[in-house]
Amino acid sequence: MSDPIAIGLAGVSKRYASTLAVDDVTLSVAHGEIFGFLGPNGAGKSTIVKMILGLTYPTAGQIEVLGQPAGSLAARAEVGYLPETFRFHDWLTASELLHFHARLARVDASLRADRVRELLELVGLKDRADDRLSTFSKGMMQRVGLAQSLVGAPRLVILDEPTSALDPIGRRDVRDRIRELGEQGVTVFLNSHLLSEVEQVCDRVAIIDHGAIVAEGKLDELLSAQEIEIRAGEGAEAAVREAVGESSVRSIDGRLRVRVADDGEIAMLVRRIVEAEVPLYDVRHVGDSLEDLFVRVAERGDV
Amino acid sequence: MSTHLIAFFTLREALRRRVVLAAALLTLGYLVLYGVGVWFGYRDLQNTPGGPPGLTEGVVSLMLVGGLWSLNFIASVLAVFLSVGALSGELDQGTLHAIAARPVRRSEIVLGKFVGFTLMLAVFIGVSASLMILIVAVITGEVVGASWSGPFLMLLASMLLIGLALAGSSRLSPLPNGVIVFTLYSTALIGGVIEQIGDVLESAVMFNIGVFSSVLIPTRAIWDMASAQLATGGFAGELSAGPFGASNPPSGWMLLIAGLHLALALGFAVRSFSRRDF
Ligand SMILES: Nc1ncnc2c1ncn2[C@@H]1O[C@H](COP(=O)(O)OP(=O)(O)O)[C@@H](O)[C@H]1O
Ligand SMILES: [Mg+2]
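Quick note, the sequences are listed as chains A and B, same order. Heads up: take any position in the first sequence, counting from 1, add 27, and you land on my numbering. Heads up: take any position in the second sequence, counting from 1, add 1, and you land on my numbering.
The set of hints was computed from the structure by calculation and includes no laboratory data.
In silico lysine to aspartate or glutamate, EDC-like type, Cα no more than 20 Å apart, as pairs:
id, chain 1, residue 1, chain 2, residue 2
1, A, K165, A, E123
2, A, K165, B, E91
3, A, K165, A, D154
4, A, K245, A, E210
5, A, K153, A, D194
6, A, K165, B, D93
To give an idea of the interface, some chain B residues facing chain A are shown, with a C-beta separation under 10 Å as derived from the structure:
id, residue
7, R18
8, R276
9, R277
Ideal Cβ positions, reconstructed from N, Cα and C, are used throughout, including at glycine.
Given these sequences and hints, build the entire structure.
Laid out in structure tokens, this is it:
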């Protein structure tokens, strides 16, 4: 626990043959945090999750999970994962699936039966424990998948769109489970394209679009934040990045887009640029506020 | 180490799949038919007066080798069928994601599946070959082919195919992989025929084509070794030449080549699957 970071990504990119799925993402999630990763379909969320788990390999950058390199057995031993597809071998019964994963997760033999029973009860599948998964609805499959992700008593749980097949009540149940995990000190990484889902449970969120993080922070701060555009001489970017942090700054056609919390931060930035003896040509508000961004992302995702 | 977990999981899956049950039932039916065939064949043989000494034993041995040849064929088809989509097929279905995210090495997934399918085939070959040898022994009173090395070599041939199919499956989807593996398998069969003809015609080129095909994929050569082990007594050696075996079985080198083949295939499967994005 000495390392305060549960997940750390540094300059991570992933290029598939023709697409840049993830573009230079730097991100960190603290221990015990419920972290929301929000973005429209195709933004790169699942790719990032798979890289965190070592299922997919980044083409650039480093990833650390619970103080270990991503994908190492030590890191995986303490991680639970619900894949986006939530497909499992459907010739197994629900109970058999959980037992198998408990073994893979190296759960002590004496604990397995109880753990499996508790988790099936937790996700409301106690009565179906001995039914084959082939008889399960999609919603039930997703719930058994959630139980599967928790079977190793993980310190970090990664859920990729965990409610995509659930009805409103099922979604509320999952939110409750996530809150409980948070109370137990478990770190949760929640992928979603639904603003509503993320904003109800998450301590902190990042918004990803086209493979790049476009905003990151505590939800209320993000909602009240504003974006400015700075046009300045060479060297301004380094000064600004140093002042407000990498994730708040984007460079577009030589101009800097900076997310700031308030007017005081704008004044501070101007001072820094002047102190760096870089010519400052223009500072202005730009229309795309974070709320707009949220709405844009949510609208695109909600269809 | 989780190899054994994956292996038992694979075995359990194979046993629960209907295709395997179907294969078992078909094989059972085949064994019944085979028994009937042997019974009539043996009766006719007994009613034929004269003939050189050792004829009966030789014919019985030939009947057994022929029967085992077809079991070997079924085993080969089963081996390819089971393993041809074991990696990429499961990746496409998404059933491997949660498992591969556990503290399990990719190599353990590949090797676990290999061991699981091998156990499956060992059970299949062990049971069906024993039954066949038993059927022949009971009907004819001749105990032929009761050697361990025959069925073990049959298993080795199936293991070669499993290794090859897994190597392909680390990258290719099941259909193209299946086409490639069966093409290679057929190449070995055809290569064997060419080798025999080359032997008869004393054509070095044809003979070498056959040898080359065996090095490429030694399944048929391994069967030739098995049939030489199984065909015992009298002039069985000459009789078993023909469709079910070679007139001069491959030397022990072929075992080394087969072992190398298997190691290469599994090494490739592990390496290529380990580097693959999910
Ligand atoms: N295996 C792959 N091969 C090629 N492109 C891929 C692959 N996986 C994902 N992509 C592409 O990467 C981008 C991000 O996908 P993904 O991470 O699944 O997004 P999200 O989970 O946010 O919906 C998409 O453009 C997708 O088409
Ligand atoms: Mg996704």
